[in-house]
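Visitor: Line by line, the protein sequences give chains A and B. Residues 0 to 202 (numbering that gives the first Met the number 0) are what the first sequence spells out, left to right. Residues 0 to 995 (numbering that gives the first Met the number 0) are what the second sequence spells out, left to right.
Simulated from the structure, these hints should not be mistaken for lab results. Check the hints yourself; a few may be wrong.
Derived lysine-lysine pairs resembling DSSO-like cross-links, with alpha carbons at most 30 angstroms apart [claimed, not checked]: (1) Lys65(B) with Lys72(A); (2) Lys224(B) with Lys333(B); (3) Lys908(B) with Lys72(A).
Output of the computed footprint for chain A on chain B, the stretches with three or more beta carbons under 8 angstroms from beta carbons of chain A [stated by the list, open to error]: (4) 493-501; (5) 787-795; (6) 902-916.
Just a few of them, taken from the derived set where beta-carbon distance is under 10 angstroms, the chain A residues facing chain B [to be verified]: (7) Pro61; (8) Phe62; (9) His64; (10) Arg65; (11) Leu66; (12) Gly69; (13) Ser80; (14) Ser85; (15) Gly89; (16) Val90; (17) Val93; (18) Leu123; (19) Val135; (20) His139; (21) Ala145; (22) Asn196.
Quick reminder that beta carbons are idealized off the backbone N, C-alpha and C, glycines included.
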Amino acid sequence: MPNVGRLMAGLLEGLAPHTLDHFTRFWLPIGAGAVAATVVIVGWNTQTDRFARGYAPDQPIPFSHRLHAGALKVPCEYCHSGVRRSRQAGVPPVDTCMNCHRVTKTDQPAIQRLAFLQSHGEPLVWKRIHALPDHVFFDHRPHVAAGIACQTCHGEVQTMDVVSQQMSMRMANCLGCHRDPHPALPPTSTIQRAPENCNTCHR
Amino acid sequence: MKREADDSSRPVVAHDLVASYAGLDALNDPLSRRRFLTLLGASAALAAGGACSRIDRGGILPAARKLRSSAPGVVSHYASTFHEGLESYAVLVKTREGRPIHLQGNDLDPRGQGKAPLHAIADVLRLYDPDRLRHSLIDGRPAPWQEVLGNLARGVADARLSGRPIVLVTGAVLSPTRRTLIEELTRAFPTVEHVAWEPTVSDEEQAAIRACYGSAVRMRPRLDKARVLVCLEADPLRNGTPAVAADFASRRRPKAAGDPMNRLWVLEGALSLAGAKADNRLSLKPSLAARLALALARALSERGLPLPAGVSREALAPFELPAIAREAGLPLAKLNALLTDLLAAREAALVLVGPGLPFAAHVAGHLLNAMLGASGHALEIAPAATPTRSASLADLRAVLERMRAGSVGAAVFWGVNPAHAFPDETLVRAAIERTPVRAAIALHPDETAALCPLVFAEHHWLEAWGDAEPWPGLLTLQQPTVEPLFDTRAGEDVLLGLLNHLGVSVAPTYSEYLRQRWRREVHTASALVPFERFWQASLHDGIVKRAAPPSTTPPFQAAAVADATSAAIRDQPGQGFELLVVEGLLHDGRYANNGWLQELPDPVTKLTWGNVVTLSPSDARRLSLADGAIVRVQVGQVAVTAPVFIQLGQAPDVATLALGHGRQTGNVASGVGANAFRLLQRSGGPALLGGVSLTPTGASIVLPSAQPYQLAEGRDMVHSGTYAEVTRPTASQPVESLDPPTPQAAHKWGMAIDLSVCTGCSACVVACQSENNIPVVGPEQVRRGRAMHWMRIDRYYDGGADAPRVLTQPMLCQQCDHAPCETVCPVNATSHSPEGLNQMTYNRCVGTRYCANNCPYKVRRFNFLDFTSTKKAPETLVFNPEVTVRPRGVMEKCSFCVQRIEEARAEAKVEQRSIRDGDITPACAASCPTEAIVFGDLNDPKSRVSQLAADARGYRVLAELGTRPAVTYLAEVKNPSSGDNERPVTVTRPGERHGG
Chain A
0 MPNVGRLMAG LLEGLAPHTL DHFTRFWLPI GAGAVAATVV IVGWNTQTDR FARGYAPDQP
60 IPFSHRLHAG ALKVPCEYCH SGVRRSRQAG VPPVDTCMNC HRVTKTDQPA IQRLAFLQSH
120 GEPLVWKRIH ALPDHVFFDH RPHVAAGIAC QTCHGEVQTM DVVSQQMSMR MANCLGCHRD
180 PHPALPPTST IQRAPENCNT CHR
Chain B
0 MKREADDSSR PVVAHDLVAS YAGLDALNDP LSRRRFLTLL GASAALAAGG ACSRIDRGGI
60 LPAARKLRSS APGVVSHYAS TFHEGLESYA VLVKTREGRP IHLQGNDLDP RGQGKAPLHA
120 IADVLRLYDP DRLRHSLIDG RPAPWQEVLG NLARGVADAR LSGRPIVLVT GAVLSPTRRT
180 LIEELTRAFP TVEHVAWEPT VSDEEQAAIR ACYGSAVRMR PRLDKARVLV CLEADPLRNG
240 TPAVAADFAS RRRPKAAGDP MNRLWVLEGA LSLAGAKADN RLSLKPSLAA RLALALARAL
300 SERGLPLPAG VSREALAPFE LPAIAREAGL PLAKLNALLT DLLAAREAAL VLVGPGLPFA
360 AHVAGHLLNA MLGASGHALE IAPAATPTRS ASLADLRAVL ERMRAGSVGA AVFWGVNPAH
420 AFPDETLVRA AIERTPVRAA IALHPDETAA LCPLVFAEHH WLEAWGDAEP WPGLLTLQQP
480 TVEPLFDTRA GEDVLLGLLN HLGVSVAPTY SEYLRQRWRR EVHTASALVP FERFWQASLH
540 DGIVKRAAPP STTPPFQAAA VADATSAAIR DQPGQGFELL VVEGLLHDGR YANNGWLQEL
600 PDPVTKLTWG NVVTLSPSDA RRLSLADGAI VRVQVGQVAV TAPVFIQLGQ APDVATLALG
660 HGRQTGNVAS GVGANAFRLL QRSGGPALLG GVSLTPTGAS IVLPSAQPYQ LAEGRDMVHS
720 GTYAEVTRPT ASQPVESLDP PTPQAAHKWG MAIDLSVCTG CSACVVACQS ENNIPVVGPE
780 QVRRGRAMHW MRIDRYYDGG ADAPRVLTQP MLCQQCDHAP CETVCPVNAT SHSPEGLNQM
840 TYNRCVGTRY CANNCPYKVR RFNFLDFTST KKAPETLVFN PEVTVRPRGV MEKCSFCVQR
900 IEEARAEAKV EQRSIRDGDI TPACAASCPT EAIVFGDLND PKSRVSQLAA DARGYRVLAE
960 LGTRPAVTYL AEVKNPSSGD NERPVTVTRP GERHGG
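With the sequences and hints as input, model every part of the structure.
Guide: Below, the structure is given as structure tokens:
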């Protein structure tokens, strides 16, 4: 690092002794304070980015889980039908929406948009809310098979008009439940512990 | 998963910073404080700007329509058919989200038994080859398919009017429907001449088959019925049909001393996989093979075996076994032992002759099989239902000469590349350029397509429809498993388009044509079922069995023997080297742009990337040549240059060179290796060339070898010997360990590898590469020992240099219970699972490489470079989405295909049961044609792997280090002839180590 050495030498060379004193008394604390403040402010403001709780992007249509899953009590698996046969729960094709909306609420602009998409064979592109890093392999199947309710991780979706992320997707969160799964499991479950070895999620 | 920044200020800041750095370049004058603070501010702004970007996790794209079968994240398998040379194979294509990612054999295929050949497994990479043709071309410019077709149709119509012939050159036509289409074309336009030419099919072998059986027949060795197998320069275990290797292995799994085994005699000049496996291997110059085989026939007839009708003993009189044994330097006692074996086995004996050997040797082989009664028993012969090949090299040369003379009106090359695979490049060039209308139907812009103004971009077979008839009575279907990636069509669509353009009414697309023909000709056999159901069932299974036509073994034609004897007497070995031109891993060069196959170590030499002239150690010494010295190989007027490799076990005065290298197009293929097709002036396909001179050029390279040191040095990594030798009890002490005992879980994963049936074919290496997203690193990195294969096949030589014992050992992570790698990792990136897996967690790895240095098996691989970001679209689509793609600076190794274990576990949990034996098959085990690799739960005493691990032949590699591997090797059992006392028995066991 000769450049840095020369840079520092040059910096000190150009300063008279009292300037150095001024630097250490005045500029150094201010600089350190500014760096610390930057870290704190940036860190605070990007909390949702890092822990992602409360992330609730606007979706292409104003679909309300509170209405469908809450008031109308449509089961989660009616739409997220992959959850027992795939790693991913999946998002339904427009065909699934139109099972009901062929006759229901056809006057709404959002429904008309769905009808348009269906007739043209095009998908509805939703905004993704829950995401895991590429090196994590989460599988819905064993969790659903163990009887864990969707709400355990996804929050009370049936009360949300706009879905937001409720759980931080950090490894500590996964491990907490894997070490002591009882709060998440149905009372009749015989499962004592879930696997904690690396290969469970990383491969 | 892709994160995209929506902060538009971010690139601006970065740009400013770059500008500031540009001002910093010299740093000659001292930096002012202001400037320093500017930089500090810019860095802080950049850091804040980067950190402040709001998350955008992209979109979720659900299916546009409800899918009947598949869901995102769910694997679907589709049955299809893979064609190569004169064979076709029923395969299963594993797809995820509508794209093929892995191949295996079709388990409904009665012969294939769920195994796919090596080339089929590797060919999924060619589908995603970025060098593929993306559009059809007119004079090198992209053009719509219809326009190219219109141009061709006009040209063909002109050629028809002028009365000049139209030549269609294709590869072997294995598909009955494709054949029907070509017949329809030649019927509609009698001036169309069809030439089906396969560059890697030996003309001499085909000529001998026609001479011996009167017509084109197809042969299938049934090694499961052969107690004695004699290979004359033949290698049934390499690159071949998985069923053949499986049949061979079915007789090589002794459970106790004295269990019957087959006996493999190999007489060869160049070491082959069969030679490595041989119970008795004799070094023989290939030019002597014909006379030796005829002498064996004579000796058998003298010992009472009748000659076929019409063959007189006088014809064989010139071939005396003692004289030829003397000339070949073979001990007569061994040949007598071979005769005794053959006489004892009779129809359960089989003689296989290598495709490169001359006509006379092939006839002699057929004569021996006819005498023994093997024909029809251990060698199934059926009339060729599909005339698979009609053209020899001479036929094609005649066509090209006529083209050069200007008497051909139009030429279409479909799936063949004569500009690479025909020996005389100038003739091909002149012939094509003198033909007024010329078109190529090709997957790649290859050497031949470069000469054609009209180029049709063809589907890869995974995108196309088709069918095949691998054996009379068995039909297989080929179906698309992915939407075409580029603007391509099936090659058959060109012919259909031509017919439609020229006024013949046929189906508009080949898929329709195929259905129509199946409805017309195949469905009638089972007409009780509606066609649609029959068609769906056939697509599902991929296989349709029909009543086989009654097969009678055609009689041996005695007239062939006279031709063979005169040829054998005429063709005395001349001066100079004998050069065996053999088929390598790249077939006719069509796989040369496949990095997996270029980097796959050759099963014998362990060399990657390019072909070499193999020489015996004595010849290399005589010519003062070392590994990598570049020599000029001169055959007649033609010469190629290639580096030398000294191959132990090779006969003196014999050299080999593999076909398929030396391509001039393709980003991977071009310039790698030498084009050995140029040497095949007289007959096509693998051949034996005499009077070859080798001249050192003085230049030399370092060969990209996957295993630079191959001598066993008396160490005992690989146990091999007779049953008694390998099961001799040992007094090895269990190694004490200071490590805490490993925790017990419900399962303990383990593997057993039976070296007795492992042929070293390397299908597992490619399957592992495909399954686990293993990168291709290139020759320079291979030279530095940085090849990335998780599974490798080690090859060791023991004993003398001229007749060495050849030992083969698949090596992968041994998943040690006391793993030396785990204790040295400073960040706990590699750790032990309760189920006995040595886990590698990439996101924790910081790349110290301590683990690799501490691994006694040398199975850990380090990503020295970033091998992924340089990939061009659509190559990354081949990745298995269940396995992390590793970045630079990260260690990796075999995981026992943990993604398959976890998949089986998830399925078991959904079905609320425990994992059963056989639920989990790692990619290597699934691809192994001989089922040498067995995976399972060692805690379950009934599992196959537990039983194999307890076998008397079982041992663990380097067990004396106390690593407690989870992989048990079963020692290789050899079955040498009882009269053979000369073979040195140097099997050593733990505790008897000498040297190391």
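Visitor: For every hint, state whether the structure bears it out.
Guide: Do the hints match the structure? See the list:
1. A threshold of 30 angstroms between alpha carbons decides the hint, and for lysine 65(B) with lysine 72(A) the separation of about 22 angstroms falls inside it, so the pair holds.
2. Annotation: proposed proximity of lysine 224(B) to lysine 333(B) holds, straight-line Cα distance about 24 angstroms (limit 30 angstroms).
3. Our distance criterion of 30 angstroms between C-alpha atoms is met by lysine 908(B) and lysine 72(A), whose separation comes to about 27 angstroms.
4. Coverage of the segment 493-501 of chain B by chain A is violated in this model, with 0 residues showing a Cβ closer than 8 angstroms to a Cβ of that chain against a need of three.
5. Counting residues of the segment 787-795 of chain B whose CB lies closer than 8 angstroms to any CB of chain A gives 0, which falls below the minimum of 3, so the coverage claim is violated.
6. Judged by the Cβ-Cβ criterion of 8 angstroms, the segment 902-916 of chain B is covered by chain A as claimed, because 6 of its residues qualify and three suffice.
7. Checking proline 61(A) against chain B by beta carbon gives a least distance of about 17 angstroms; that is not within 10 angstroms, so the hint is violated.
8. A least Cβ separation of about 13 angstroms between phenylalanine 62(A) and chain B goes past the 10 angstroms threshold, and the interface hint is therefore violated.
9. A cut of 10 angstroms between beta carbons decides the hint on histidine 64(A): the least distance to chain B is about 15 angstroms, and the hint is violated.
10. Look at arginine 65(A): its Cβ only gets to about 20 angstroms from chain B, farther than 10 angstroms, so that hint breaks.
11. With its C-beta approaching chain B no nearer than about 20 angstroms, leucine 66(A) sits outside the 10 angstroms limit, and its interface hint is violated.
12. With a least beta-carbon distance of about 22 angstroms to chain B, the hint placing glycine 69(A) at the interface is violated under the 10 angstroms criterion.
13. Hint status for serine 80(A) relative to chain B: holds, with the closest Cβ pair at about 7 angstroms, below 10 angstroms.
14. The restraint placing serine 85(A) at the interface with chain B holds, with a minimum CB-CB distance near 4 angstroms, inside the 10 angstroms limit.
15. The criterion of a C-beta within 10 angstroms of any C-beta in chain B is met by glycine 89(A), whose closest approach is roughly 5 angstroms, and the hint holds.
16. Hint status for valine 90(A) relative to chain B: holds, with the closest Cβ pair at about 4 angstroms, below 10 angstroms.
17. Annotation: valine 93(A) was flagged as interfacial toward chain B, and the flag holds, the nearest CB pair being 7 angstroms apart, inside 10 angstroms.
18. A least Cβ separation of about 7 angstroms between leucine 123(A) and chain B falls short of the 10 angstroms threshold, and the interface hint therefore holds.
19. Satisfaction of the interface hint for valine 135(A) is found here, the shortest Cβ-Cβ separation to chain B being roughly 8 angstroms, below the 10 angstroms cut-off.
20. Annotation: interface hint on histidine 139(A) holds; nearest CB of chain B at approximately 9 angstroms, less than 10 angstroms.
21. At a threshold of 10 angstroms, the smallest CB-CB gap from alanine 145(A) to chain B is about 7 angstroms, leaving the interface hint in force.
22. Annotation: asparagine 196(A) was flagged as interfacial toward chain B, and the flag holds, the nearest CB pair being 4 angstroms apart, inside 10 angstroms.
Hint compliance for this structure: hints 4, 5, 7, 8, 9, 10, 11, 12 are broken, all remaining hints hold.
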